[in-house]
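**Q** Letter by letter, the chains look like this.
Protein chains: 2
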Amino acid sequence: MADIDSWAAAIQSGDRAALARAITRVESRREEDLQTGQQLIEACLKIKSNSYRIGITGVPGAGKSTFIEQLGMRYIAAGHRVAVLAVDPSSSITKGSILGDKTRMQELSRADAAFIRPSPAGDSLGGVARKTRETITLCEAAGYDIILVETVGVGQSETAVHGMVDFFLLLKISGAGDELQGIKRGVVELADALVINKADGENMAAARTAQTTFKKALHLYPPKPNGWDPKVLLCSSLEGSGFDEIEALLSRYAVENRTSGSWNKKRTEQNIAWMQNTLDSGMQRIFQESSVIREEYQRLQEQVAQGNLSPFRAAEMLLKKITFEAK
Amino acid sequence: MADIDSWAAAIQSGDRAALARAITRVESRREEDLQTGQQLIEACLKIKSNSYRIGITGVPGAGKSTFIEQLGMRYIAAGHRVAVLAVDPSSSITKGSILGDKTRMQELSRADAAFIRPSPAGDSLGGVARKTRETITLCEAAGYDIILVETVGVGQSETAVHGMVDFFLLLKISGAGDELQGIKRGVVELADALVINKADGENMAAARTAQTTFKKALHLYPPKPNGWDPKVLLCSSLEGSGFDEIEALLSRYAVENRTSGSWNKKRTEQNIAWMQNTLDSGMQRIFQESSVIREEYQRLQEQVAQGNLSPFRAAEMLLKKITFEAK
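Chains as they are written, first to last, in this note's numbering: chain A, 2 to 328; chain B, 2 to 328.
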């Protein structure tokens, strides 16, 4: 544990190599590494942090990298330290489609106050998301107080990122006709702000139209649990325009929610939800790995699928087949 | 079992009392009754049915009862048999806020080809939903081929109803300003059709405006998994106008989805989801009822809530504390 404590102290002191090595432990597939990673996380949870976790999603081509570069450099100019992480479950197949190439964030990748880490690889979204969630804890202990978590606007990854950030931002470009090109159902509802990027030059008129359309659409949704009314903003990452408003909005959100207590309430709820989900999937895994039960499970599922057995009855029959004891 | 078979035969022959008694068994809290109920359901699942399950939601005041009365009587006139069920988890507290009063469906409640059953009572949405889902099976065996399932537009009950029907209809009235009065986040996304009721007299202009607004809003969503593009229609349950279009839409949806195979696919997926959810909640219940684990669970949850323990680590610690064996 002395090792762990001095490692954590190194992380806290701003030793980038110590942080990077810790993340590697958390991302590892080796049981021994993972245990070290867990010990490091426990030590890092004790280190006080006052961070702002911001999730950023958008389809490929929405300009996430340049947006993050702009936003990140502004935060650094204001004296913050910025970590850029990602959740991309496809990266193990596509070999890192997002953040893999640091050259897309040239300034940020050279800045001392920035730490960029590509998405961990993984077979499942759950695994990838967990690693990123744990890396947030390590980065916060290292003094990064602005945590930008990037994800692509496909699949369930936005929901996972939404569950680990304070503010969720959907980046869009104004398009012809179908305004939600490729964005999955439900993602717009998760957004605390919708930012229309590339609002410059010839795109300006289309961007303004999109802004009006989305303002109307968002107005149709009831307010968020914390009372926040999602906003629609314009920006151009290329020209650097619109970022004053974005920063002001992010700041106002933080002040309002910290004052009202919603900030901590949301973080607590997020933590409890991660615990419950991990518990649920762990129980399912144990359940499905039991060779005796697995066959019965498949047999009953088949009958349910064919409509010959009530799904409730099938579940009860399986539950009766297990003993479940505390050690 | 001879009893069960003759009981099921009585249900199939159209004996209303036999059907009502079977539903009472399914809704009972007594273990013995529930077992009889399960046996009846298994027998009824063997009886062939070609039903159309239609979910109808809307806030109180949207006019669900008169809408169901109109739609139901039209189906009866076309030779169908109509069952009207409900999911209202609040009914055990409010003593049946919906469907409790059959006088609101005067014609339907007198029609031989209609069967109206108020929401079962229950402590949890899961329990109430399950009973209604099982009652659908009994009604289908009794030859009801149009199943209308009503629910109020609050809480999670719409999601439960959405998970047991072929078509999900959101009933609205055109309102001043906030078009989604009281409708919970996400419900609009579940809808296969949005029907604006009370589109008559002085309301007509406002209803048309609301129709345009919603058409635009729905267009922002990507298509449903089955490729269906949700529609926005107008009607007046009072004047009986708009129902030709609603019936035509419901009919077209059924034809398209039955032809493409989406119909059966969706039903199978719904059944598997009910099975998995029942299994999950059953495992959670066993888990939380174990006195040794429960205390540990609460202790760890507290630490997670305070941010002193990783939610993943907490879940793992709990999972290690149980043995989970097949009998």
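Accuracy of the hints is not assured; some may be wrong.
Which copy is meant is left open, so a pair is good if it fits within one copy or across any two.
With a cut-off of at most 25 Å between alpha-carbon atoms, the simulated DSS-like pairs for lysine-lysine come out as follows [what the hints assert, rightly or not]:
no., residue 1, residue 2
1, Lys-321, Lys-225
2, Lys-232, Lys-49
3, Lys-232, Lys-217
4, Lys-49, Lys-225
5, Lys-267, Lys-321
6, Lys-217, Lys-47
7, Lys-225, Lys-322
8, Lys-49, Lys-267
The set of hints was computed from the structure by calculation and includes no laboratory data.
**Q** Checked against the structure, which of the hints given earlier come out wrong?
**A** Going through the list in order, the structure violates hints 1, 2, 4, 5, 6, 7 and respects the others.
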